[in-house]
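Novice: Chain by chain, the residues:
Protein chains: 4
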Amino acid sequence: MNSFGKIFRLSVFGESHGQAIGVVLDGVPPGMLLAEEDFLPDLARRKSGAPGTTPRTEPDRPRLISGIYNGYTTGAPLTILFENKDIRSTDYALFTDIPRPGHADFTARTKFKGFNDPRGGGHFSGRMTLALVAAGVVAKKMIPAIKIKAEILEIDGDADIQKVLKSLKESGDSVGGIISCTATDIPAGWGEPFFDSMESMISHIVFSIPAIKGIEFGSGFASARMRGSECNDRYTDVSGTTATNHSGGINGGISNGNDLIFRVAVKPASSISLPQQTLNFKTGIMENLEIQGRHDACIALRMPVIIEAATAVCLADMMLQSI
Amino acid sequence: MNSFGKIFRLSVFGESHGQAIGVVLDGVPPGMLLAEEDFLPDLARRKSGAPGTTPRTEPDRPRLISGIYNGYTTGAPLTILFENKDIRSTDYALFTDIPRPGHADFTARTKFKGFNDPRGGGHFSGRMTLALVAAGVVAKKMIPAIKIKAEILEIDGDADIQKVLKSLKESGDSVGGIISCTATDIPAGWGEPFFDSMESMISHIVFSIPAIKGIEFGSGFASARMRGSECNDRYTDVSGTTATNHSGGINGGISNGNDLIFRVAVKPASSISLPQQTLNFKTGIMENLEIQGRHDACIALRMPVIIEAATAVCLADMMLQSI
Amino acid sequence: MNSFGKIFRLSVFGESHGQAIGVVLDGVPPGMLLAEEDFLPDLARRKSGAPGTTPRTEPDRPRLISGIYNGYTTGAPLTILFENKDIRSTDYALFTDIPRPGHADFTARTKFKGFNDPRGGGHFSGRMTLALVAAGVVAKKMIPAIKIKAEILEIDGDADIQKVLKSLKESGDSVGGIISCTATDIPAGWGEPFFDSMESMISHIVFSIPAIKGIEFGSGFASARMRGSECNDRYTDVSGTTATNHSGGINGGISNGNDLIFRVAVKPASSISLPQQTLNFKTGIMENLEIQGRHDACIALRMPVIIEAATAVCLADMMLQSI
Amino acid sequence: MNSFGKIFRLSVFGESHGQAIGVVLDGVPPGMLLAEEDFLPDLARRKSGAPGTTPRTEPDRPRLISGIYNGYTTGAPLTILFENKDIRSTDYALFTDIPRPGHADFTARTKFKGFNDPRGGGHFSGRMTLALVAAGVVAKKMIPAIKIKAEILEIDGDADIQKVLKSLKESGDSVGGIISCTATDIPAGWGEPFFDSMESMISHIVFSIPAIKGIEFGSGFASARMRGSECNDRYTDVSGTTATNHSGGINGGISNGNDLIFRVAVKPASSISLPQQTLNFKTGIMENLEIQGRHDACIALRMPVIIEAATAVCLADMMLQSI
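Just so you know, the sequences run in chain order X, D, H and F. For the first sequence, position 8 (counting from the first letter as 1) is numbered 8 according to my numbering, and the numbering increases by one without interruption. For the second sequence, position 192 (counting from the first letter as 1) is numbered 192 according to my numbering, and the numbering increases by one without interruption. For the third sequence, position 91 (counting from the first letter as 1) is numbered 91 according to my numbering, and the numbering increases by one without interruption. For the fourth sequence, position 17 (counting from the first letter as 1) is numbered 17 according to my numbering, and the numbering increases by one without interruption.
Just chain X, with the same shape it has in the complex:
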């Protein structure tokens, strides 16, 4: 399903090189001021602009085509549309015969019986995160008291990001990274018992972002090596503040009022310029696949705003369920 959320519900649509990408937001509260300009800062953050970045140039101008009247949200479905401008329809036939390693070429073709749009990954493209970032802008307005801040902890295993980017230049390879996200001032009591725990919901939406392969809350994998006497966060005041925050702000799946903290692993982009030895499914012979053109060498650079958006969307829906 291309939709997420119970009360605040988004449905994404579109393809990388189709006519448009967009999102329909259902359950947006009426009476929020919203203009196309509100989207520009986060949309700009999504474009990394870093050395080695894809040269695709898209204005990414959002059109609000429903759910707005006189500058305010109406409560009816809010639709945000991005027309694709820089479309290239060629060059993708090759990947039908030689599915690119790491990409969804093979799985999409299998699932959709060969009818998927192969151009630029089609509906599986990282460009779909444009819709998520737009939804995040609306979601952030719904939870104005909560501050969400994601940042890059490391890329290519190194915390000196500029150094890595410089070394990467012209290498033709790609690197991954780790992003941390912190949300402050979430009230205690959000989240649902068992299946819809806060960890469940956050991870559900975060893993919808292409290239995310791991998530951990609070001390996460490190807590697996702690003892209970160390890992248990002791309360220090009646609002629920704890001396440590190994739990990442969640006990029993429910927010405890301390900072929500999680980290995600971003794998290196599958698109690289280096030759790759892989199977030609048509001939049955291993081939040296070499894909021309420049690609995003480090998609982790775009991730902070995308992760923030996913978090905001999730929290906005949880808020509406917790009222």
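Rather than coming from a laboratory, the hints here were simulated on the basis of the structure. Among these hints, one or two may not hold up.
[Stated by the list, open to error] One side only, chain D facing chain X, incomplete, derived with CB under 10 Å:
id	residue
1	Y72
2	K149
3	I155
4	S174
5	S200
6	I202
7	G218
8	G257
9	L320
[Stated by the list, open to error] Heads up, simulated PhoX-like pairs for lysine-lysine below, C-alpha to C-alpha not over 25 Å straight-line:
id	chain 1	residue 1	chain 2	residue 2
10	D	K6	H	K6
11	H	K47	D	K113
12	H	K6	X	K6
13	F	K6	X	K6
[Stated by the list, open to error] Residues from chain H that keep clear of chain D, each with C-beta distances beyond 12 Å, as calculated:
id	residue
14	I7
15	F13
16	T57
17	G75
18	K111
19	D117
20	D160
21	S273
22	N280
23	E290
24	R294
These numbers were taken from a predicted model, which means no experiment stands behind them. Just so you know, even glycine gets a beta-carbon here, dropped at the ideal spot from N, CA and C.
Position chains D, H and F against the provided structure of chain X, taking the given hints into account.
Specialist: Here is chains D, H and F on its own, set in the frame of chain X:
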């Protein structure tokens, strides 16, 4: 919500020291042979029996109270009920004043305005995983061709499990661990684009299990330090087999036919016998909370069968959506 | 799916002659006083006790097996279980060969490939409404300001109910009826635009009740013969009160604060004692099917409390979505 | 919620005098040939063209902006967009003070706290059925073996439609009507037990259509006056064919293979030109509201194709759940 799944849907209910724990399974295919005996092996695996284990003795005998006729599933909702026998209703009043560190005492009380059942964690108890394991037995029968195998990689940071358990004995503390899970022979093409990716669905259900704080698929966090040229899994035959499996069997959120592989981090159980300095919310004074009785020193020991069950439930629902 | 509702969600299970019938209610607010005695008045209303009624004797004693602590709802799933006592497992084999006209014998067998429980209709029995009535008791407590009142308008086309029942006695035939339902003091603004209109949600749950074959809101079918100048309800005060109520309290799918009014058509029970000429599917020959035993001659008698329960369940969920 | 369906799921958006109206269809099978021309016949049927029809002129040209590649559906979300051309933004301020009788002006304003788009009913406009008709075109392609045919039984209580339309001309009033719908060749076994019965699902979507106030299946309200011996449909062959079809093709909520038959009541359009005495909410004084311009005198004329679309959407989703 205490339910999960779209076509194969489970709804769990019950409390640790209430009358019963159970699960209603909707969407079970008709015509599967099913008897109470079928549940016993996995239920037995859920009891760790290890040194330091909780002394609570429950027969955990499943009663199939609906959805079965003449030994076969009927297609109507299948209800599995476990009556609680070894109920202790005392001793929990204390935790209203002094919420136990790491537990859901504080968050449950906040969310449910003080009306939650506090006995043994109530609905937030690890005992709720009994319902999940029972559901897993049914789910495994729905996907007979798929083999799911979870195992302990390490506890307390050590791969020598027996050694750790011996050293833990009588310490009063608890330890965490890391569990790996592999599912073999999932057909390519399962999972939905974007929000209901295979990673999204597996992590959603896995994080419903109390004490899970991290998950990673394939090379996970390690892939964040790889380069694309290393991380991309190259195809070696037309069924989609890849030379490496850094992706954990998933591309673009869709299964690629290779092994589904993931690892989860289990934090140490919050219940320990050691004294803990924490706030008495009634008096506003820090106190030395000391909880008598023996507890599970290593809940990771119970986790393999629980993780398998969660995986089976998720895959059974994905299968029904992929037909 | 055997569940209904978005925030207040019920899942029913059980069979007519299985071990039990029950319901799990998710999303019940914490802190409501609830005892087994609270269910008895509505459960008693569900037993018609009229001449010609089924002689099955069931105590229908509800067991609250989860979600209750110290007499209050906890916010965790509330499970209500009715053990079946007066079970008869014989006599139903016949209906496998000769599906009873009007019953679900043929459709259930087709859908569930012959594995459905045929005893007394199994999961398709009118006895499943026991679960709905129990859920209604909880729902009514959730919307205490709203008064819901259903009543019989006519049975067998006649408004003199006692006369009809007397004439029916020993006839072996069954009769239908029409029930009206009015809910007073619903705030204006409940219901969702388009798909989840109040008419959509009420009709969805009402048609889950076996034997309901029609529903109309406000002037319903009669409004199809009115002109707009007559049918439009004119406002008379600023709270939204209207001079007439042809709309049944709903404009654009949203409650307008006037009485919610609807009527439903109950077909005659399919179980009759008169001989019926129908097909023996095994022999392929038409046979004279004669079913011994007494049946409910007029299930419409049981309907008011069932319709009220369905309405309460629907409104309770709509309330939670409208906060 | 502005969405419907479990596997085949549509989300509608837009406003009568906003930029556009549209629908996102999730779960469309890949590989169906689909072109904008395919939509034209049903879209043309939706325009009544009858005397007294609204003079609004819209090309209603569908744009397929996602989910299509090389003329085939891809399996990714299919988005159909209709840009509004003949927009009038004036003249609606009046209805904020004087909500029109029968319209959603008052309820929309109440629910959305005054921020709803009032122009032409905004999101509550009958123009939203454009999205439903477009979805129906896709749905009909998904269930090619099933023939769905809706037709007008009567308007203004009269079966001579031309006569009524002639008499209506220039009257300034509006009339309702009754529509019947028949779907042939639905396999036996579709529909789900209890809450998602075929009657529940069909009525859910049909009542989302503005102006529908009643629905009855098979003999419907007439069956309430039958006796069981008359109403029970007797089987005549082993495919489940029945001699009569009082049940409308549904037993126990599940299709029985006979024709699905239902009728709906369409109230007269709320928009009329005749003066209406109603409350000015601002002044608190009753006023004579007179709305200039021509309106649809008989919206029932547009209903057959809309009812067919709703039925097709519902059946397509039920089919996918019944596989």
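Novice: Work down the list of hints and note, for each, if the structure agrees.
Specialist: Checked hints:
1. Y72: Interface hint status for Y72 (chain D): violated (28 Å vs cutoff 10 Å).
2. K149: At about 20 Å, which exceeds the 10 Å cut-off, the nearest Cβ of chain X leaves the hint on K149 (chain D) violated.
3. I155: Hint on I155 (chain D): holds, closest Cβ of chain X at ~8 Å, below 10 Å.
4. S174: 4 Å, holds
5. S200: 4 Å, holds
6. I202: 8 Å, holds
7. G218: With a minimum Cβ separation of about 6 Å from chain X (threshold 10 Å), the hint on G218 (chain D) holds.
8. G257: Nearest chain X Cβ about 8 Å off; hint holds.
9. L320: Constraint on L320 (chain D) not satisfied, violated at 13 Å.
10. D:K6 with H:K6: Roughly 13 Å between the alpha carbons, so the hint for K6 (chain D) and K6 (chain H) holds.
11. H:K47 with D:K113: 37 Å, violated
12. H:K6 with X:K6: 8 Å, holds
13. F:K6 with X:K6: 13 Å, holds
14. I7: Violated, because the least Cβ-Cβ distance between I7 (chain H) and chain D comes to about 9 Å, which does not exceed 12 Å.
15. F13: Not fine: 4 Å to the nearest Cβ puts F13 (chain H) too close to chain D.
16. T57: For T57 (chain H), whose nearest Cβ neighbour in chain D is about 21 Å away, the distance exceeds 12 Å, so it holds.
17. G75: 4 Å, violated
18. K111: Given a closest Cβ separation of 7 Å, the condition is violated.
19. D117: 4 Å, violated
20. D160: At roughly 39 Å from the nearest Cβ of chain D, D160 (chain H) sits farther out than 12 Å, so the non-interface label holds.
21. S273: Given that every Cβ of chain D is farther than 12 Å from that of S273 (chain H), nearest at about 26 Å, it holds.
22. N280: Non-interface label on N280 (chain H) holds, nearest chain D Cβ at 22 Å vs cutoff 12 Å.
23. E290: 25 Å, holds
24. R294: 25 Å, holds
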